[in-house]
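S.K.: Chains as they are written, first to last, in the working numbering: chain F, 221 to 444; chain H, 51 to 838.
A hint or two may mislead.
Mimicking DSS-like on lysine-lysine, the simulated pairs with C-alpha atoms at most 25 Å apart in a straight line are [as the list claims (entries may be wrong)]:
id : chain 1 : residue 1 : chain 2 : residue 2
1  : H       : LYS621    : H       : LYS802
2  : H       : LYS727    : F       : LYS247
3  : H       : LYS147    : H       : LYS205
4  : H       : LYS205    : F       : LYS261
5  : H       : LYS205    : F       : LYS247
6  : H       : LYS439    : F       : LYS261
7  : F       : LYS379    : H       : LYS636
8  : H       : LYS636    : F       : LYS261
9  : F       : LYS247    : F       : LYS330
10 : F       : LYS330    : H       : LYS819
11 : H       : LYS727    : H       : LYS819
12 : F       : LYS388    : F       : LYS370
13 : H       : LYS416    : H       : LYS439
By construction, these hints were calculated from the structure, which means they are not laboratory data. Treat the numbers as computed from the prediction; the structure is a model and nothing was measured.
What follows is the residue order along each chain.
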Amino acid sequence: MKKLYFPVLSAAMLAISLLAEDPVLSKNFVLVGGHKLELNKTASLCLTPANIVVEPYLLSTRWTGFHSRDAVHKMTSDGNNGLWQYDSTLPAASAPVQFETVLSCPQGAKSVKYSCKWKAAAPQDIKEVFVYIQLPLASISGKKFIVNGKDVPVVSENKFGWFTQAGKPVTLTLFPGDPEREITFRSTGNIRMSCETHLTAQRSWIRLYPVSPESGIELEITAK
Amino acid sequence: MNKIIPGLALFTLFTVCTAAGMELASDGKTQYAIVCDPGAPPTDQFAARELKMFLDQSTGADFKIVASAPDKGRFIFLGPLRQAKKIIGEKRFANLKNQEAAIVSADDSIAIAGQGKLGTIYGVYSFLENQIGCRWLTLEGDNIVPKHRTLLLPKLDYTQKPYFDYRWIQTIGYEGTRTSEGTLFLFRNRMNLSDFNYRPPVVNPEPDAIVPERVLHNPMCHTLFSYIPPEEKPHWAARNQKTGYLKTNPEFFTLDEKGRRVARQLCFSNKVLRVELTRVFLEFIGKKHGEGVFALTQEDVPKNFCNCIPCLKLDAKYSVPYGGFIEYILELSSEMAKKYPEARLLFSAYRKEQTQTPPSNLPLKKLPDNLIVEFCPIDNDFSKDYRHKNNLSVYNDLKEWGTLSNHLWAYYYTMPYGGYAPVSTMYRWAADTRLAAEAGARGVCYEHKSGWLGINNADLQTWILLKLYQNPFQDYKPLIKEFCDYYYGPVSNEIQGYVAELEKRTAEYPVFLPWHVRINDYLTPPNLVRWNRLFDSLEHKAGKDPALLRKIRECRLGLDLITLEKYLDVKRFDPAFKDSAADIHKRGMATLDAMIARRYPNDMWPGQSKTQHNHIAKTLNANLLTATVRPSPLPEQFSRIPESDIRQLFPGNSRHCTVVNMPDAAIGHAVYDEKLKPDEYKLPFPCGFYDNENKKHVISHNITREEIVPDRFHLYKIGKASFSRECQIWAYPSWRVNYSCERFFEPGRDNKWEVWLSLKFEGPAFSAKNTEKENRVWFDRAVFVKCN
């Protein structure tokens, strides 16, 4: 029986990968299913037109988002080969910290990789880091997403932590079943998860915390 | 460089002088007649009249126009007459290109004949310029016609053709044909794209003869919504009776970053939109008899065209952010070629983030012949030419378009749009015109909007531009001398020196100059004082010559505006400075009135002249206020600070704010964010100082409830900042209350200044006592105190 698993599993995986639409590479962005993925000027990953933002946030002396006015971002890119990289400098307690955000999708790749990691920082300056996925309530309210095969209905009222999960690899699918919008984020490391909704901002946030802040986060992004 | 020689050759090929020349006239008499076939096209007949008029004026003789003549004798044969062809040579004449003319003499006769509807008359103008020395310098009829007691010509044998095939200059209002002299000026200087008759009340003294090579139909830029209007109200340049497409067909429009359909551009992956746009576009071409140039160019709104997935796939396919648009343009040009082979489609390569960069992976190696690519370098550094590192990538795009298209036109912005302060960029556009020619441009369309009014030597620039259109490889500096010697006469040298200094200082601008920024670096009190003294001496020299005085004052108007703006600094630097602020204002207004009266005679085109007048008059009035205002005294804490260490800024009318009279405000008026509703006010109240030049939020301050002193103007210290070449103070979350501070920037000095904003918080959101008034935060002044 065991001998059958591998071929069956391989066939299933192949079938899934054939079903999935390959990313389309352009000079400035990657198309993944019905989403345009692009790093913006503050090193955040924007998914257009769903208006989803994926952005690192870190705690040193204070919480600092990458859109902070004190942050300095320098982009290097090789769009023709599907590589965009931001080196960001952000204020911290002892010295500014260096952080790297990379979006990569080499020609022929089946998925897009998004990674955020420290380049240089004094250990005392790395208190906590997470990547949040910011979703407009208008497009996600009343829907669900899937975390590691489990349905999670979106809570559309002011609430912190309406879904949490302890540290383990995460496979998160947004807009499941929507042929144009379904998109999946897979972490390569152990991740803690926490979700919240703010009605004033009309947004929900999915926070993804690496279990070890110093290791950063890597996400693999695929469409249906 | 290799293109320079043939370029020059087109103009002065084989001019040969012999000792035994032809005597055309002497002592007011001539034995020559101009031969022109009465059945010749109107433009050739007009060429004969032009030739006669200027020859008569120059020599005092009466050159008759005759219908026919024998083969030999003293004649000037005009147009493709048998005799003219014989003198030029049948084969040589047949090989002339469109708009090209040959000017050839044999025995005692001269032949001037060219190809196309404009070739012969361009030959005549070339003859008048080269042989007689005529010049047509301004829109107001400043013409040089040298007097020749004896007009002796050498043997002639040359051809001439304007280097660029299509030439157009955009003065204010998109054309310069509001007066008879204006029309003649542009036509004699070979502008050939304007429809010289297209919109009343134009004045074309020869409507059948003064015609363009092609008509560039209105609207000429940002035209998508002329054909597919999103709003229900009629578009300002509607070419479609149907309106309100955004309501009926939202899918025709941009899908924005938030997933909404908005009236930014059109969604060109939508097949139904393509069909509708083609229908409307072709219908308009049909109304114009299928002839001319028709522009289909994007709206003047930043960001990419559309974020819908089919559009993005097309973007990826062609590696540009306008994949759907270029695909549609090719589709439309193909339809046009079938239905209207004489019509041309114009596409703008405009904005780096939109269509500036050529596409990859096109299905053809060369763009179709009925498609014109108009390259518009709006994202250039406006103080440097294409060769500078800041502009090199833009120039590379231009060159790439040149390899892709045989019909590349260079659009251009001659001046930065930062107001009327003295600036001169001839060195830049002269170089860029040559570089555009080397990149393969065949047409030139320059936006020279200040050209109409004449401020800052705009007339000089207009004429030089038109000369460079004909030969982009010539040195522009002798043209400055030629113009100034005639136009400014006894003060020519001084004006040339002033222009040369402005050229040098503009070229030295040390940082990237975007299109909308005014150069402040050299507008320092010492320079303003020095230049004012120069102009005082020039006015004195002009003495009782009112025409010369008028020209000097037009040239001075930019300086007057800036002197008034910086009047307090000027007086601080030179307490003996002669003119009062009121004197400068009065002189400026008088110059402005005279300019308007001269350029819009008999109250013609009142809407446009009023707009022009108001724009400059408003600036003069605002600057007078800045120069003469006596604000209410600053609080006690500022009393020990020397006046020289304090700068004050008072808000005026702006895009978002209209001043409201308030007796307790520093100068009697204040502003607020008119769009913020009373129930939307929140605390803390944000304000700050932004350095646009270095893209830095220098001050981001929040005024808290504890700090607020309600119901009266109170100065709030918000931080410290240094002025830069482009900087502003702002208040309100929207930043709608914002005012530029670059006038206080002093190059080479990096002083820090304390920044104080004077604000008045009213209404229940800020004071429990005051419930009668609506929530509102008034701003009446900013105070900057130099840090020691």
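S.K.: If a hint holds in the structure, say so; if it does not, say that too.
M.R.: Hint by hint, here is what the structure shows:
{"no.": "1", "hint": "LYS621/H to LYS802/H", "result": "23 Å, holds"}
{"no.": "2", "hint": "LYS727/H to LYS247/F", "result": "43 Å, violated"}
{"no.": "3", "hint": "LYS147/H to LYS205/H", "result": "23 Å, holds"}
{"no.": "4", "hint": "LYS205/H to LYS261/F", "result": "67 Å, violated"}
{"no.": "5", "hint": "LYS205/H to LYS247/F", "result": "60 Å, violated"}
{"no.": "6", "hint": "LYS439/H to LYS261/F", "result": "22 Å, holds"}
{"no.": "7", "hint": "LYS379/F to LYS636/H", "result": "66 Å, violated"}
{"no.": "8", "hint": "LYS636/H to LYS261/F", "result": "49 Å, violated"}
{"no.": "9", "hint": "LYS247/F to LYS330/F", "result": "17 Å, holds"}
{"no.": "10", "hint": "LYS330/F to LYS819/H", "result": "65 Å, violated"}
{"no.": "11", "hint": "LYS727/H to LYS819/H", "result": "20 Å, holds"}
{"no.": "12", "hint": "LYS388/F to LYS370/F", "result": "14 Å, holds"}
{"no.": "13", "hint": "LYS416/H to LYS439/H", "result": "28 Å, violated"}
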